[in-house]
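With the hints as your guide, set chain B onto chain A.
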Amino acid sequence: MRCMEYGTNLVAGVTPGRGGSLWEEKIPVFNTVQQAVDETGANTALIFVPAPFAADAILESTNAGIATVACITEGIPVLDMVKVIRYMEEKSTTLIGPNCPGLISPGENCKVGIMPGNIHTPGRVGVVSRSGTLTYEAVNQLSELGIGQSSCVGIGGDPLVGTSFVDVLKLFDQDQDTDAVVLIGEIGGTKEQEAAEYIKNHFSKPVISLIVGSTAPPGRRMGHAGAIITGNSARAEDKIEALRDAGAHIVPTPADIGITTQQAISK
Amino acid sequence: MKIHEYQAKQILAEYGIPTSKGSVARTLSEVEEIANTMDGKVVVKAQVHAGGRGAAGGVKLVNSATEAKEFAEQLLGNKIITHQTGPDGVPINEVLVEEPSNVAKEYYLAIVVDSDAKSSVIMASESGGMDIEQVAATSPEKIIRVAVDPIVGLQGYQCRQLAYGLNLPTENIRPMTTLIENLHKVFVAKDCSLAEINPLAITSEGQLIALDAKLNLDDDSLFRHPESADLRDKEQEDPLEVEAIDAGIAYIKLDGDVGCMVNGAGLAMATMDTIHLADAMPANFLDVGGGASEEQVAQAFKLILSDPNVKRILVNIFGGILRCDVAARGIVEACSSEEQTVPIVVRMLGTNVTEGKEILESSGLAVTLVDDMKQAADIIKNSIA
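Quick note, the sequences are listed as chains A and B, same order.
Note that the first sequence covers residues 1 to 267 in the numbering used here.
Note that the second sequence covers residues 1001 to 1385 in the numbering used here.
With the rest of the complex left out, here is chain A:
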């Protein structure tokens, strides 16, 4: 609903058993994703299906030929995601998430997600993050300093997600509407190190980076299934070091995302 208000061209809904009805008296509802694609030409799917059925919904969208699938659902069993991600390797569909806020391009008035649209301003800084509300925090700090955003992508807080930091950085690299990128990472895994490696060797635009979780104890899962310190490379310090070494501007405290970005892009 709020996606539509924001300007997103919402063409169809899918709920098995509700096919043939209208949602909010406007949007046609279909029983299957394939029907929705055939009838409306939908090319993007936003999935809110509960965790036990979410893997099925991702595969259904993939096989219906949807180009981009954003999955908001949190708590999908990891062995389900292992299969989904392996299966999708051979398909042309891009999966964002799961356990993510989705994506938004303020300049295009296009929102596929659950983020509050009003905090965003059109502009030339890209945002990519593993978190939801922390991304809103970053966007809000940017907007308050008059720094607009080209696109903001939440890649999700699970250990297994469809789109990595590197995938999004590659798109930002090609995107002529993006001048700099704010990258927000956290403890757990090695995705930030992979991003650092890519930034160091291939990425020419300024990167501003915040890594949270410096103060989290090892071995405890900090809410996100992916945010757990197992081994040194999962620690915040290691990730910050890798990004600093790659030339990223390190945000010293979570309150300084906006100001660090301002300094980085005015150089």
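Careful: at least some of the hints might be erroneous.
BS3-like mimics (lysine-lysine), calculated; alpha carbons at most 27 angstroms apart, straight line [as the list claims (entries may be wrong)]:
no.	chain 1	residue 1	chain 2	residue 2
1	A	267	B	1374
2	A	170	A	267
3	A	170	B	1118
4	B	1002	A	83
Treat the hints as calculated values from the structure; they're not laboratory data.
Okay, now just chain B, sitting in the frame of chain A:
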């Protein structure tokens, strides 16, 4: 979710993996009874959800049922502190009484989901019995890894690759490949996040046997494993954390005195970091969740209030799906049943922030409202008792 060694071994045995003969005991007479059926020479092992039991004095080989009983008496009803438990330790309510094995050599075998490989990975090592993280750090070449394709599944050649890689005696190759296949079956059937046998021994009689076993179950899969609910031992967990899990709140008890309530895990970690930077320590990690209700917010806030270590509270809500007015009503409701004794700093932003702030201001609670994280940090810094 963690389960006990004896529960894990029971599951392994159901899948044909050889384990030591033994039974779990909750009383001293049960210990004696089990030990007597094994001629007295037994291993008594404390059953707790923490590693490092051996070094902490929780495991002992004894020579008679009387000795078994004496050792069990030191364990049962007491707490054990290991390097994994924290200073409070965990209670020992059960001991496993097992027949000892004559160990010729110890190996390591485990299956985990590896987010880099995007699949489950089987790890095996000749350096069994040791802390595998140490082996991984000092001599990573001693760990053999095999990634399992989730679509075609584990293949025979992969099991052979592992078994031959361990330099096993020829007669143990076949039993080992079968054991690996069976452990993988357990891993998939029970939706494990970790299945570990350390040590996996070859006895002097040439038999493979799981001397210890650890199964961690994926919390997100518990909906399809109703049978696993019975395996949960809430006494091994922090009582506040148990309460939080039951309420659907992500909560972890920490050592500091600043209670914090945040929506979203990333923002919660950022808030914890901010508290640290203000020269204070968080009392907890708490993510009320994306779509929390007024009741859940109230429960979360009560949880913080019930922690005796909490001397001040920082709330950081960025309203999205969870609206600020809902969060504010939850806080007011939580405080209505108890007398407020600690100062509360609230930072709110996003959906319905004006309504949220009005609710807090008109509630009569001593709440300091701030607009950004910097202000919040400054107030926390100046509130140090």
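These are the hints, each one checked on the structure:
Restraint check: the Cα-Cα separation between residue 267 of chain A and residue 1374 of chain B comes to about 24 angstroms, which is no more than 27 angstroms; the hinted pair holds. In summary, the hint linking residue 170 of chain A to residue 267 of chain A is supported, as the alpha carbons are separated by about 23 angstroms, within the 27 angstroms threshold. Straight-line distance between C-alpha atoms of residue 170 of chain A and residue 1118 of chain B comes to about 20 angstroms, which keeps the hinted pair within the 27 angstroms bound. Our distance criterion of 27 angstroms between C-alpha atoms is met by residue 1002 of chain B and residue 83 of chain A, whose separation comes to about 24 angstroms.
Of the numbered hints given earlier, the model fails none.
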